[in-house]
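Residue numbers (numbering that gives the first Met the number 0), protein chains in the order written: chain A, 0 to 245; chain B, 0 to 435.
Because the hints were derived from the structure by calculation, they are not lab data. Fair warning: this is a prediction, and the values are worked out from it, not measured in the lab. One or more of the hints may lead you astray.
Stated by the list, open to error - Listed next, the in silico BS3-like pairs over lysine-lysine satisfying Cα-Cα at most 25 Å (straight line): (1) Lys-53(A) with Lys-105(B); (2) Lys-22(A) with Lys-67(B); (3) Lys-154(B) with Lys-105(B); (4) Lys-76(A) with Lys-49(A); (5) Lys-104(A) with Lys-225(B); (6) Lys-154(B) with Lys-49(A); (7) Lys-225(B) with Lys-248(B); (8) Lys-53(A) with Lys-154(B); (9) Lys-154(B) with Lys-104(A); (10) Lys-134(A) with Lys-104(A); (11) Lys-105(B) with Lys-49(A).
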Amino acid sequence: MKRAMISVLLALSVAMAGAQDFKAMLREIDSLGDFGGQDFTATYTIVSEKPGQKPETVQVRVYRRDERDQFVFLFLKPERQKGQGYLKVDDNVWFYDPESGEFAKSTIKESVQDSEARNSDLSRMSYADDYDIEKSSEGKLGAYDVWILELVSKDSEVSWQRVRLYVRKDKPLVLKEEDFSVSGRLMRTVSFPPSYISAGGKQIPSRILIVDEINTGEKSQLTLSDVAVGRLPDDTFTESFLKRAR
Amino acid sequence: MQTAMLAFRNLSRQKRRSVLLGGAIAFGVMIVTLIDGFAGAFVDNVSENFSNLLAGHVFVEGVEKSPKGRDLEIIRDDLALREAAEAAGIEAMYVSRRSGLQGSFKFAGRTATLRVQGVDFAAETFLAERLALASGSLENLPRDGIVIPEPIADKLGVVIGDRLLVTTRTYSGQQNVGEFAVAAVIKDPGILGSVSAYAGRDYVNELLDLAPDEYQALSFYLPSLKGMDEAGDRLHAEVSSRLQAFERKAPGAEGENPILAMMRGEDEETWTGVKYRVTTLNDALAQVQQIVDVLDTASLVILLVLFLIIMVGITNTFRIIMYERIREIGTMRAVGMQRGQVRGLFLYEALFLALGGAVAGLAVASLVMLGVGLIDFGLDSPLFLILRNGHMSFRLDWARVAGKVAIVAFLTLAAAFFPARSAAKLDPAVALRTAV
């Protein structure tokens, strides 16, 4: 009896230790995309494909100040959208249209110019803050041994209620993310091919492939370039920056 | 009186000229009356059609501040709202509780964006009477059944029984996917096509991640359009005394829709729990009143422009009349007619022309309105928003009509005044000597 009790306690402690590790793993993943006191700048080139249509290219210059959870997205391409942008101040996201000169309320859940990418894909996010780990398992993705983490949102304020993450076992790097609807249906798959850019002492994926699982054949590829980490002028995260940026 | 009789006789003597001048005046009056009649019915028709679409005249919506400061549209418990409505004396023909989702609908590779009203078909029995079905039925609607407008059905290439995939968001903005079965197709509702889909509230709530007894908008359908603002004010006062409520009218920018102004103000406010917004159809359709104001101004401008042109004709014609009758004027003056009477003679003629033209114009306009009103444009007409049961309708404000007739009379008299004055100033001896 005593031996059985010890076995159960041991198993429980291992399981608890495992759960704590995964939580720590999520925090490590988050820290790779969080530049804290340093500002992050990069250009995202998003090529979107839809069946029967020519591929469309959108280019966005992203400015992030993660310590204050602020961002500015400035559209560089296509020409008709040049100068448009998003600004996040406090909890509000605003869309700026230079044609009207007006700011309209938007959300981080909006898709980026009809692509499969959402504003949240370009901004800082936190798996650890937003999700609880419901289940974990081991698996293999291509040549990589991975942890498969099933996450459930802590509240209803994130885009996806359920997320499945495929995390490399050797490093806390996400290789694939599957996003599910509230009804439990797979809506999109986000792949992070293992090619990375080093910036600010962190490794960030240089390419992201987003596949729409509802609309067959629709996908977007995000490619990062001109990545820089360093303090930006404070007025970068203001309305006037977007107004004069065109 | 004698002068008036003489004036009338003069007009009768020159029938062709009188008919032409009076006809010009009648034409101007007819155009302006038609515009006035159209503008008069415009607000009523648009309001009536929108009240059918929105299932009410007075609305209450709940806005809950999320922990992260986002505004979520939800009414969780309406007991206090129902008590407020009773205390406010809202006598509604129907009370509706609706939820709504905006979704991207897909079928066989085709996509259409549509707003779906989640309704309780068992409670909203009037909906069945108002929806003009092209195919299918509202009876025995399955839980995931949907009623879509004809253009959307055509765009997606669906028929009754087909299943549509919809991607949408929950009330808090999370991504969701569902499936609807096409149960009925309604005739083309024109510009409202993208907001004229209906489905059972239970299933819409499931997709919105709302509980079955929760919803987003409480609507009161009043017996008539009149008094809706007063009803809204009373309900707002009662809701405010029981629950958190937004100001009835937010200070908005010039020309801004009152509801949009109110919602803009909400962004800047912070509160906890649910706060209620009370609005009326008139708030939603504030821009429609602006269209009517534009139509009223246009009607007045058209009246003035037309009559400036007509005035030139009247002035010239009366000048000719004066020269034609110069010896007659001399004779009348020689036998004792005073200058004022000569001037009055001309002015009476002008007044009779104006009144005759106005009456004829009103009569023709009435006939045109009657004729156009008989045409059945159908409920699927793209114009349906401004129609009443598929027919064009007109409503005249008789005080405005009287005002316009007064303007016509004044302008005609002004046009005839100078020739009349010249005629009155004629020296009888000179007039008698003049050969015409």
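For each hint given before, does the structure comply? Return the numbers of the non-compliant ones in rising order. 5, 9, 10
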